[in-house]
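Chemist: Take the given structure of chain A and dock chain B to it, following the hints.
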Amino acid sequence: MAAPPVPTTPPPKPSPAPLVKRHHWVVRLTHWMTFVLLAGMIMSGLQIYGAYARFGERGGPYYVNAFEDHAFPTWSRLGGWLAGGLNWHFTLMWPLIAGGFLYLSYLALSGEWRSLLFRPRDIRGAIEMQKYYLRLRKDHPPQGKHNPLQKLAYTCIILLGVLSVLTGFAIYKPTQFSWLTALFGGFQAARYWHFWAVWIFTAFLIVHVILVFVVDPASLRAMISGWYRGRFPSHD
Amino acid sequence: MIDRRAFLRLAAGAGPASLAAACGWDGGNAVRPLLLDISRFNNWVGEKVLFSKNRLAPQYPIADRTAQLPSYFISPAMPTLQDPKAWRLEVSGLVRQPLSLSIADLQALPRTTYTVKHHCVEGWSAIATWHGVPVSAVAERCGMLPQARYVRFDSFDSGYMNGWDLASAMHPQTILAYGMNDNPLPESHGAPLRLYSPTKLGYKMTKYLVSVTFTAERPGGYWEDQGYPWFGGV
Chain A
1 MAAPPVPTTP
11 PPKPSPAPLV
21 KRHHWVVRLT
31 HWMTFVLLAG
41 MIMSGLQIYG
51 AYARFGERGG
61 PYYVNAFEDH
71 AFPTWSRLGG
81 WLAGGLNWHF
91 TLMWPLIAGG
101 FLYLSYLALS
111 GEWRSLLFRP
121 RDIRGAIEMQ
131 KYYLRLRKDH
141 PPQGKHNPLQ
151 KLAYTCIILL
161 GVLSVLTGFA
171 IYKPTQFSWL
181 TALFGGFQAA
191 RYWHFWAVWI
201 FTAFLIVHVI
211 LVFVVDPASL
221 RAMISGWYRG
231 RFPSHD
Chain B
1 MIDRRAFLRL
11 AAGAGPASLA
21 AACGWDGGNA
31 VRPLLLDISR
41 FNNWVGEKVL
51 FSKNRLAPQY
61 PIADRTAQLP
71 SYFISPAMPT
81 LQDPKAWRLE
91 VSGLVRQPLS
101 LSIADLQALP
111 RTTYTVKHHC
121 VEGWSAIATW
131 HGVPVSAVAE
141 RCGMLPQARY
151 VRFDSFDSGY
161 MNGWDLASAM
171 HPQTILAYGM
181 NDNPLPESHG
191 APLRLYSPTK
201 LGYKMTKYLV
211 SVTFTAERPG
221 GYWEDQGYPW
231 FGGV
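Protein chains in written order, with this note's numbering: chain A, 1 to 236; chain B, 1 to 234.
In isolation and in its complexed conformation, chain A is listed as follows:
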């Protein structure tokens, strides 16, 4: 009986990850627009905050606030004085809101919301993903464009954006929108939630950037050019 033939060619290398189109230009444009505009909103917001650095009706009681009577450093503020901060804030809010509308309209009309919106059926996948990150499971669970934890994070950050706009209007026109202001617990409470949003956005930004570089650096290119060649090429 003849011995099996010795393979003369080395086994095939795993094929390189395919190059796939990942982000539509609307998504890329609004992503970077939001980054720049939100930075401007936060910086002018910190300038405005300095004019009265606490929350609660005059004379108290005041809300729990680690930054009570705190002046943020000059480099973190935009506007120079209260009127300058207000004018930046009330200018940048329009393109920020417009970008938000454009992005949400794109998500809705293109059907892309399906790969982004966290739904009850993603709960099981989110638990598996969390197990993987906690090293309770070895293999990376299969995923589409985004894993369920990403969907959860992106869904929450969109909701936070909506809440920031609504609390913003509640502070901007507390008499004309008194129903909205009341919904948030009154003028000072709306200011408080509006301020909280700053820290959630900031925390999100830090974690978001770390995860891009640690988990999937190819996604940075995808958010700039639209093209992606990386670990998670499939789309759902």
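Treat the hints as calculated values from the structure; they're not laboratory data.
No experiment lies behind these values; they were computed from the predicted model shown.
Even glycine gets a Cβ: it sits at the ideal position worked out from N, Cα and C.
The reader is advised that the hints may include incorrect statements.
[To be verified] Some residues of chain A that are not near chain B, with every Cβ distance over 10 Å (derived): (1) Val-27; (2) Arg-58; (3) Leu-86; (4) Val-198; (5) Pro-217.
[Said to hold, decoys possible] These stretches of chain A come out as covered by chain B in the derived footprint (C-beta under 8 Å, 3 or more residues): (6) 66-80; (7) 87-101; (8) 186-193.
[Stated by the list, open to error] Result set (DSS-like, lysine-lysine): computed pairs, CA atoms no more than 25 Å apart in a straight line: (9) A:Lys-21 with A:Lys-145; (10) B:Lys-48 with A:Lys-173; (11) B:Lys-53 with A:Lys-173.
Modeler: Chain B only, in chain A's frame:
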């Protein structure tokens, strides 16, 4: 030629960098005029889109009055009248009958009392009760002419003044207040007479009033001319 990818990268980098360079900066000569243009647009939105001449600000029970309501004036010391008895409010401009009104005259006009929240542009708020005569009642008394589109309020506080759009001035809750928290208006809050309205930010509510003038041209304002929003509605 610059390709699209490089351009997007550049834009992504330049945005935050230019913002960082802008810290503590009101826009400089290049951007400040643009910001003020947008502020004028926001005035228009505030006046024509968001403001409702019929919507009343919420009122609060007297028990909700806050412990503090800070006192603001621009003079080095609290403005006071040498001779309070000689004080008169001059009502003039585009009117059929200019008026010179004493506090007693004003108190004889229809009286409005409400307990409302005061919103300062700085971000604080406070609740107090105010007593006064609606500006609309004074406008009726002096026979305001149809050409009047704005109202100018002047004070004896180092020339502090404000210009108002007519619709805000005629709002039923816009009053010339001679009383606060069941007492005559204190000096710290603009005695003998101040403008009050829960539809405006505090800096729009002229204290230490001396005159009300109905005009066709838009008057400026002490803070408004320095960059604060002119409409200042809440």
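Chemist: Quick one: see if chain B covers the region 87-101 of chain A, three-plus residues with Cβ-Cβ under 8 Å.
Modeler: The restraint on the region 87-101 of chain A holds, since 5 of its residues have a Cβ under 8 Å from chain B and three suffice.
Chemist: Is the claim that Arg-58 of chain A lies outside the interface with chain B correct, judged by CB distances over 10 Å?
Modeler: violated, 4 Å
Chemist: May I ask you to check that Leu-86 of chain A keeps its beta-carbon over 10 Å from the closest beta-carbon of chain B?
Modeler: The assertion about Leu-86 of chain A is violated, with a minimum of 7 Å to chain B.
Chemist: Are there at least three residues in the region 66-80 of chain A whose beta carbon sits under 8 Å from a beta carbon of chain B?
Modeler: n = 7 at 8 Å, threshold three: holds.
Chemist: Checking C-beta pairs, does the region 186-193 of chain A have three or more residues closer than 8 Å to chain B?
Modeler: holds (count 3)
Chemist: Would the hint linking Lys-48 of chain B and Lys-173 of chain A be met if the CA-CA limit is 25 Å?
Modeler: Distance of about 13 Å is within 25 Å: holds.
Chemist: Taking the closest pair, is the beta carbon of Val-198 of chain A still more than 10 Å from chain B?
Modeler: holds, 14 Å
Chemist: Against chain B, does Pro-217 of chain A keep a CB gap of more than 10 Å to every residue?
Modeler: holds, 15 Å
Chemist: Is Lys-21 of chain A close enough to Lys-145 of chain A, meaning Cα to Cα at most 25 Å?
Modeler: Measuring from Cα to Cα gives roughly 11 Å; hence the hint holds.
Chemist: Straight-line Cα separation of Lys-53 of chain B and Lys-173 of chain A no greater than 25 Å?
Modeler: Roughly 14 Å separates the two Cα atoms, so the pair holds.
Chemist: May I ask you to check that Val-27 of chain A keeps its beta-carbon over 10 Å from the closest beta-carbon of chain B?
Modeler: Fine: 12 Å to the nearest Cβ keeps Val-27 of chain A off the interface.
Violated hints, in rising order: 2 and 3; the structure is consistent with all others.
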